[in-house]
Amino acid sequence: MRKVSAFNLAAILIGVAFLYLPIAVLVIYSFNASRLVAVWGGWSTRWYAELAGDAPLIDSALISIRVALVAATASTILGTLAAVALVRFGRFRGRLVFASMIYAPLVMPEVITGLSMLLLFVAVSADRGFWTVAIAHTTMAMCFVAVIVAARLVDFDMNLEEAAMDLGAPPLRTFLTVTLPLILPAIAAAWMLAFALSLDDLVIASFTTGPGATTLPIRIYSEVRLGVKPEMNAVCSIMVGGVGLAVIAASLLTKLSAARGAPARSP
Amino acid sequence: MQTVRSKRGFAPWADASARPLLRIEGLSKRFGGVAAVDQLSLDIYQGEFFALLGPSGCGKTTLLRLIAGFERLDGGCILLDGIDLAVVPPYRRPVNMMFQNYALFPHLNVEANVAFGLKQEGLPRAEIAQRVADMLAMVKLDRFGRRKPHELSGGERQRVALARSLVKRPRVLLLDEPLAALDKKLRDATRFELMDLQRRLGLTFVIVTHDQSEAMIVADRIGVMDRGRLMQIAPPAEIYERPNSRWVADFVGDVNVFEGRVGTDSTSIEGTSGRFRVATKIDAEPDATVWLAVRPEKIRIAHDAPPLELENSFAGTIADIGYLGDLTIYKLRIADGSIVTAAIANSGQEATRTLGWDDRVWLSFPPEAAIALTR
Amino acid sequence: MTDTMTGQPKRSRAQRLVVGIPYAWLLVFFLVPFLIVLKISLSQPAVAQPPYTPLIELSAGWRGVTGFLTGLSFGNYTLIGSDPLYLLSLVKSVEIAAFSTLLLLAIGYPIAYGIARTPRRIQTALMTLVMLPFWTAFLIRIYAWMNILQRDGPLNQLLTALHIVNAPPIWLAADTAVYIGIVYSYLPFMVLPLYATLEKLDESLLEAAANLGCRRWKAFWLVTLPLSAPGVLAGALLCFIPAVGEFVIPDLLGGSQAPMIGQTIWTEFFGNKDWPAAAAVAVALVCLLVTPIIVFQHQAMRAAERD
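Protein chains in written order, with the working numbering: chain Z, 1 to 267; chain H, 1 to 375; chain L, 1 to 307.
Next comes chain Z alone, as it looks inside the complex (with noise of 0.2 Å):
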């Protein structure tokens, strides 16, 4: 029986609102008609206004999406890749080797990433741009990818591609009809997680980056590394909207599609 204690409920209450604070206070300043902290000026959104015009900014949020949608749909494919490689070929030569390249860019830190991957680029005297951060970015996310969609095929029953194949249809078929489907809703979270570790990233941006690929973190880090701006504000507020609307738009067709069931279609 599941009782939820008073302590538990304190420590999850607790944590949750340290996690959401930080955010709400960023958001309710965001619309301070003022520009200083201390001095609460009335609700306004003068900054939220001063944004549009602001096209550097808005290049930056464009570069950073166009780079996030590459580097998430090449690190989805690679990692999904990677991961039926490590739970579905067994023992295989170079297997300890590549599942260490896959699980050690989980934990490096992101300056020797960052470092490694652009002295890489001038070494074979790449221009640094768009394309080196996305291909920065796709590593760094592969990986991610990678262990997520391991996890769900590891838990995967196999006695369904038996069965597929009993009843006739050879591996491929059987990985695209029964497989894929199956695990779809692993592969969709971990290119959304993708998704937002591009958008997210400065650091390997940082690195990697070019004359005309500013990504939106970069620009963000370079007005705010001298202190706190209300425009900032504006802009990240925007990105937090954003992404809990997508968040909950997300959990919503999860819910209305395990409720509907999928189409009747046979494969």
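It is worth saying that the hints were derived from the structure and are not from the lab. Among the hints, erroneous ones may be present.
Chain L stretches covered by chain Z per the calculated footprint, using a threshold of three residues with CB under 8 Å from any CB of chain Z [stated by the list, open to error]:
id, segment
1, 29-39
2, 106-112
3, 116-127
4, 242-251
5, 274-280
From the three backbone atoms N, C-alpha and C, an ideal C-beta is built for every residue, glycine too.
Assemble the complex: chain Z is given as a structure, and chains H and L must be docked to it using the hints.
Using the frame of chain Z, we list chains H and L on its own:
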């Protein structure tokens, strides 16, 4: 209890000219250092309902999976219609399997699940739809077509799994403990539906089970397995009445075993409880050690001493009584200290039973009821 | 793409691609860069493009290679070894990361435990709630703390209003702010593996302990805690290792007196434009972290296989 009209005279294994549908020769499969299937040979005939019976870990499921193609064999061969299956991957074998946990595709509805195998054959849509509808009607799930697996009960899911495998009209249908997850009443009903389906469609079924009563009811022949080897292959009655070893005798049903030496006339044995006579000549040298197997229901108990000419009678004390409703099990201690089990049907009311704890009684069994085992 | 034909000696071409493509990618973009970092750490800075020497001149043939090899030196390592700044930075980073990890454990464990004990239905909702801030930009969350911890920020306003302090204390540009930042950002990384381990815990084990006369706290100490050890280890490593090399948090929230190693690398690279020195510091950092990283990988692979 329902019955299915038995297949009168169906015994292709006794016919020397009959060719088996499935021939397994010297099959071996090792996992690590352990032989899951050990030099196993078996012939299964068209139209047969064959049961593989054995304790957990005896290799029966491995054997099934080898036939289906999910495991690679380490030795021997499997021939279906004369074709060696070793080079045929599972998705091209005319063999279908019904999994113990049903393995229904959760993202497809019942119709799509059943149609899956037919789609792989590339049949026209109209034909697929027709065959699916017919099969669902046959398993009495015609109104469930659009439901998803998670919306079905255990028994309904089992029937979908059955329909899915049967709709492809496989040469052999393999069933891995298909009734294990069902409750008793449902199990009994489904058992007969399975037998009925098999007989009507004329298919060949190979079922794996650890439940001996299930094997006895459904099978035309039973293959009893232990540690990767087949101990005996025979129709249920023969397995029960004429087991070929103590192991089989003990595994299928209860049995009393009396050890003794063969007498000079080769129809009696001399044991610690006295001399016992059997009806047929014992296939062993005089003075060799054999074991006499007597089923509990063949033993009679009487209060009074039997007439001297009655063979195979000896004294005992009732040590324990177990009342099971339709019969009563008696455990009796005999002269040499061992326990004999007797089962008496309760054909009268309780008040008329006269046997009680610690009663000194006389046991006996007819010579035809005992079988001498040489191993 | 599945390997149900166990022990299949030949891999189909498709299977080789499935392994080969991600393998090649990681080899090129993850492993090879490390070797380059190592090489650069053995080079000297130069006012050139790229800003280091020697370069490997394959066109000069064998003499180019030997010239390259003689140009390498351990000069950078002696530099960072002799200057106490680097050692201090390294020690400080480990200190801050270790203490933060302990804080994270102290805060994260009750949260994970609490969520794992709630009825199953609301567990997913709660975990989403905990993970949600993680989806908003990392930078934003640190920046949010800059807002709060400012001299005239809401925290000080609150403290002054409640008369807890007389003069508003300086939070930013100090270690406390860095701790707050690390704990705040890394909390989901601690809670998630802990929760994953704790929710798998079999309730009946605790019931059995109670049945055998164990009191609640003792049952926790003797049963729950040891069984959650893998989760604790995973969470601790997942937080400690990247925290050592943290850059953004100490840069925005911390002071400049004693930089963490991530800041040192950044400054060497972007500030002093001394790529070889930065590379040498990076190599030193990797050497320091290689043992915990291997422990983490071993743990992660074991956990994946156990399932």
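Hint-by-hint comparison with the structure:
Beta-carbon proximity to chain Z at under 8 Å applies to 8 residues in the segment 29-39 of chain L; the threshold of 3 is reached and the given coverage holds. By the rule of at least three residues with a Cβ nearer than 8 Å to a Cβ of chain Z, the coverage given for the segment 106-112 of chain L holds, with 3 such residues. Under a criterion of three residues with beta carbons nearer than 8 Å to beta carbons of chain Z, the stated coverage of the segment 116-127 of chain L is upheld, 5 such residues being counted. Under the rule that three or more residues need a Cβ within less than 8 Å of chain Z, the assignment of the segment 242-251 of chain L holds, with 7 such residues.
Counting residues of the segment 274-280 of chain L whose CB lies closer than 8 Å to any CB of chain Z gives 3, so the stated coverage by that chain holds, three being the minimum.
This entry satisfies every hint, going by the numbered hints stated previously.
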